[in-house]
Amino acid sequence: MHSAIAKIVRRGVAAIAVTAALAPAMAHAAWEPTKTVEFIVPAGTGGGADQMARMIQGIVQKNSLMSQPLVVINKSGGAGAEGFLDVKGSNRNPHKIIISLSNLFTTPLATGVPFSWKDMTPVSMLALDEFVLWVNAKAPYNDVKGFLDALKAASGDQIFKMGGTGSKQEDQIITAAIEQKTGAKFIYVPYKGGGDVAAQLVGGHVTASVNNPIEAVSQWRAGELKPLCVFDYQRLPYKEPIANGKSWADIPTCKESGLDIEYLMLRGILMPPNATKDQVDYFVELFKKVRATPEWQEFMQKGAFNTTALSGPEYAAWLTKAEATHKDLMEKAGFVAK
Amino acid sequence: MEALTSLIGGFGVLADPMNIIYMFVGIALGVLIGVLPGLGGANGVAILLPLTFSMTPVSAIIMLSSIYWGALFGGAITSILFNIPGEPWSVATTFDGHPMAQKGKAGEALTGAFTGSFIGAFFAVLLITFLAPVIAKFALQFGPAEFFAVYLLTFCAFVGMGREPAAKVISAMMLGFALAAVGIDTVTGQLRMTFGSVELLRGFDFLVAVIGLFGVGEILLTMEEGLAFKGKSAAINAKVVWETWKKLPKYWVGCLRSAIVGCWMGVTPGGATPASFMSYGLAKKFSKNGNNFGKGELEGVVMPEVAAHAAGTSALLPMLTLGIPGSPTAAVLLGGLLIWGLQPGPLLFVEQKDFVWGLIASIYLGNIAGLIVVLTTVPIFAAILRIPFSVIAPVILVICAVGAYTVHNAGLDIAVMLVFGVIGYLFKKLQYPLAPLVLALVLGDMAESSFRQAMLVSQGHLSIFWSNPLVGSIVTLALVMLVWPLVSKVMARLNGHKEPAAAE
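Heads up: the sequence lines are chains E and S, in that order. Numbering of the first sequence is given in this note's numbering, commencing with residue 1 and proceeding in unit increments. Numbering of the second sequence is given in this note's numbering, commencing with residue 1001 and proceeding in unit increments.
The shape of chain S in the complex, shown without the other chains:
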């Protein structure tokens, strides 16, 4: 109950009208940052960090964390409307969100995504409020072997169930791993596959690739198919929010599962991106409508958003309690604490009560405010699809190019983006899946370095992956998920053989 008293104190800190204004300014900026691909939450917060130099620490963190909430919400908008993930963690949202928009259900998809985000954040903040000290200790259990186990689980949860031929999935994934390996190798400190080129030093950024593969690739496809958005006839009215909400309660099991996955990944700190992929994969496996995933299922939009937002929010927990950032944005916020003259780490909860509880209270209020801001704009965003394609397509291309440039301030990245656009188009035409490539590109180098760190620590013994109950159970679960489709296919075939035989 001490937590409740502290929380009420936190709301008291928020009562300052200036703090409320900072909160709304932060949310609005965050949504904008989320909408613009390339300008991610971490960059956005880093750019605005020096502006907060003269504010009080409480106001500063309220504004910057509100930017973060805004970005988490905003990432879904372009994913659904134009198949361009504004943030890495919204890639999984495109899988069903964009097909929904093409069916004329953009409003429904947006509402589902925003509400999902809110549910995820709310679950995570409850966790922060009441279980912070207990949960925080969990993060310390994670060594290299445990990190690799989590990445392996993400891959297996996502790969085990593709409808595409296994050979295509594997080749797309291998291409992703190869691209992820370009640049400096963190384990040996050597350059790989840069061929002496300065431009290749930074490797292939996931964001640049995704903007090209999804955004530009989609525009190329649409151009071929008749220069018009499919979702043009979208019926837009304010009731869509209410209608969608009525459908959501039946997904509560999935929401709970996604929220748990999200919190787990945020705390450990695996991050929001693996959380969203894993949650999508799990939902596809366990949902009754699993077979319709990828064709425009509302559930496929809600689940990754719940997980991403839960992970994004709970990533603040190890930052506050241990001084370990759970996400890139949290890392920048952590730097901010020093700039404002605070010492992050285990004693923050004791020494800076106002700051910590003010922040936690602002997570509650910020997300409610964020939900209101984005929901009221659903009809406006959905209406964008009514603008003729010939007008909006060049605008989208320009936004994509600006986004690709912003990631590293590099002109060549625009060309890289265009090349990825062509690859995305070819993949679609040849019916290769894009998701394994993207997943390998975003998690490939992290999985590789944690695997090699684990091998260094164990001096080459694979037994490290079963050396304690935590890592052993995650790895085993991952392997079971990987082979499960095979097992179930074999079982189905056996059953299938028996039935016709019986009929004859």
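This is chain E alone, in the form it adopts within the complex:
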């Protein structure tokens, strides 16, 4: 008797649960934010991720793409670990999103702080940031071959110094990859931000850098730096001339120049774990609208971004692959925390 009632009650509950689960899926894009959405930047103010986040905030505001405000918050502690741990810990909170850079993969490996993209819900990839090998315009070589020859010949005081942002992050990973491919050695000098690195390269305090396009383009235009190759699998599509009649599209890929290395940095969005499909769909739609604006397209062109954009399973597959690549690169370079 008792158990029979319990069974009916249980069945009822199950039925309600099933309908509850189905209902939102049936209504298309039923979810909308009901309060302010926090947009976490796991890096400091003024950097590349911060610029992009504030750009998005501006576009959303100007074009009224959201009914609730979007607020950018920097949580840069522990090479971004603070921001990712915040999102990881905000289970089922749909009013929080985070913009990711490569530290999504590198920080847990380098510091041992436990988080991974699997602890969060992937929303969409917005773009990929390029890396370019830069040297001072006064350098005697004009191509990768000349650079590598000089690199291998250097010794003592002349050993090449590679300036980069942070330690055991993307810039140093690329440096280590060049060392592995060529057998030559760099002295890697870590700085706080990409702007510092570009200035140090202009001042001749370091020999080379792998700055993102946006970090060094102004020095290229002014004839103080020159690009040698881009770490992408294809040349950049931007044909508008930048300096001396050369455009981004004229920079050869490192691969075609005999330095077989590819590296691109994720600029993508994730949200806390266990977000519902509707919640994810809402943000996927939102970023689709952001990417369609002329402001965004101009921004992409200025920063010479790779405009690959993914969401859903393709995005998850990309993340899986990128995580494995980083693990491999960092293990080879001995950057993984023990």
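Some clues are possibly wrong.
What the hints assert, rightly or not - For the chain E half of the interface with chain S, some residues (derived, Cβ under 7 Å), not all of them:
id : residue
1  : R54
2  : M55
3  : Q57
4  : K62
5  : N63
6  : L65
7  : M66
8  : G77
9  : G78
10 : A79
11 : A81
12 : A110
13 : G203
14 : S218
15 : R221
16 : E323
What the hints assert, rightly or not - Restricting the straight-line Cα-Cα distance to at most 25 Å, the calculated cross-link-like pairs of lysine to any residue (SDA-like) are:
id : chain 1 : residue 1 : chain 2 : residue 2
17 : E       : K118      : E       : K321
18 : S       : K1353     : E       : P241
19 : E       : K185      : S       : S1449
20 : E       : K288      : S       : L1051
21 : E       : K192      : S       : S1458
22 : E       : K239      : E       : M300
23 : E       : K138      : S       : Q1141
24 : E       : K96       : S       : N1043
25 : E       : K239      : E       : T308
Simulated from the structure, these hints should not be mistaken for lab results. Backbone N, C-alpha and C fix where the C-beta goes; we use that ideal spot for every residue, glycine too.
For this one, chain E is given, so just place chain S on it according to the hints.
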């Protein structure tokens, strides 16, 4: 003279009434941001950046840079009245500003600080107008070794002359260095002293520590000493501005020195905070009234303000000419240029004449407007001290807590602030100096990373610090400053020994 023509063109851009309105709105917001501890210039500008998305670039930069001027002015207000530095670069202003307020001279201190700020900014903007291309190149000379030399000079200029026993100064400074080391180490990418705690990942922010050490510590002291502000009897009248101005001309040598230090630190880019500390230290060393510093000397208020504002203004120069931000706020403004569709860097002066000269003209006008806004409010701010302590103290505590929270949006920082408040109180009671701790906390990690970068570059040879005339002379100057008090003490003692001997 081309600069003058361009500047006149720049004022023409400003003639648009909307731009003038943006300027005043920016200044008012900036003063507010400066008054609220924690919400620094960089955060304030970053928060308002997306709002400017639909403005023209010229209007946007005018409004945002006006916020920056306002914040530079406003930082002094709470430093003087309540011993709470609203911004990192106003810490040095508290050393003499607050004792002045306690003596009932709050109006005088505020006027001195504001006027000092204005002088610094004016000096820097003249530099930007006429010497931009020459000065800009100087910034490129600075590699890791040069940066370390500048930080070393700041420490030495400030430490060499403490009245407190050397052991106390050193232990306070070591505590500062230890706290500065918490968090991620930029050179190796490893976590240090976080003990597996998530909250310690971000390290101890300088602002949170300062709000606690100075603001909360001061309230604890006042509570013990009778629940009343000492500066209550402040005579407030509008003439105080004029009276103070009459005293300022005799400090012209110091002002010039501070302005040069400030511009140098802004361009290189050492920043406004080291500039203010260094300038205070130098003034204490060279001024006739040096021994009274820390007890409420007007000169001790004016000098750091001149340097801080000169540094804050000249920090825009490397940003405009080279695309290198000279301060955190300049870094955010640099990001803003991209958002408005401009390309920062060496060609900005050529391609965006209206923008650049409009900005430079707005620095002139913005600072004049700022000075007028803050000076007219001196009597109002000074009058705050007349409010009974039991009413205002809880308000101050709340503002401190909000400020500490705002720095990183972290609740735990409020607790950290309170702990620092107790430390500040204990330091005062045990007569340990706070300044070395604060200085080590703000410059410790920067000095450390530039030292280690220099060691990486030189492959471990200290000779890099004498490898060229620039770095060699700064390091030597720093070491001379460090040992100077010892030398002068020895000389004084030798002389002292001789004189009584002669008298006998």
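(Q) Hint validation: L65 (chain E) versus chain S, beta carbon distance must be below 7 Å. Holds or violated? (A) At about 13 Å, which exceeds the 7 Å cut-off, the nearest Cβ of chain S leaves the hint on L65 (chain E) violated.
- Message: Hint check: K118 (chain E) vs K321 (chain E), CA-CA at most 25 Å. Holds or violated?
- Response: 13 Å, holds
Self-check item: Interface hint compliance - M55 (chain E) to chain S, C-beta minimum distance less than 7 Å
Solution: 5 Å, holds
For the restraint on E323 (chain E), tell me whether the closest CB of chain S is nearer than 7 Å. 18 Å, violated
ask   = Can A81 (chain E) be said to touch chain S, with a Cβ gap under 7 Å?
value = 5 Å, holds
- Task: With chain S as the partner, please determine if G77 (chain E) meets the hint condition of a C-beta pair closer than 7 Å.
- Result: 3 Å, holds
- Query: Is the hint on R221 (chain E) kept, meaning its closest Cβ partner in chain S is under 7 Å away?
  - Reply: 6 Å, holds
Note to self: Tell me if the interface restraint on Q57 (chain E) is satisfied: Cβ within less than 7 Å of some Cβ in chain S.
What the structure shows: Q57 (chain E) check passes; min Cβ-Cβ to chain S is 4 Å, inside 7 Å.
- Is K288 (chain E) within 25 Å of L1051 (chain S), Cα to Cα? This hinted pair holds, its Cα atoms lying about 22 Å apart.
*asked:* What's the verdict on K138 (chain E) and Q1141 (chain S), does the C-alpha distance respect the 25 Å limit or exceed it?
replied: 16 Å, holds
Q: Tell me if S218 (chain E) is really an interface residue toward chain S, meaning its C-beta lies closer than 7 Å to one of theirs.
A: 2 Å, holds
Practice item. Take a quick look at whether K239 (chain E) and T308 (chain E) sit within 25 Å of each other, Cα to Cα. Key: The hint holds at about 18 Å.
Of the hints listed earlier, those the structure fails to meet are numbers 5, 6, 7 and 16, in rising order.
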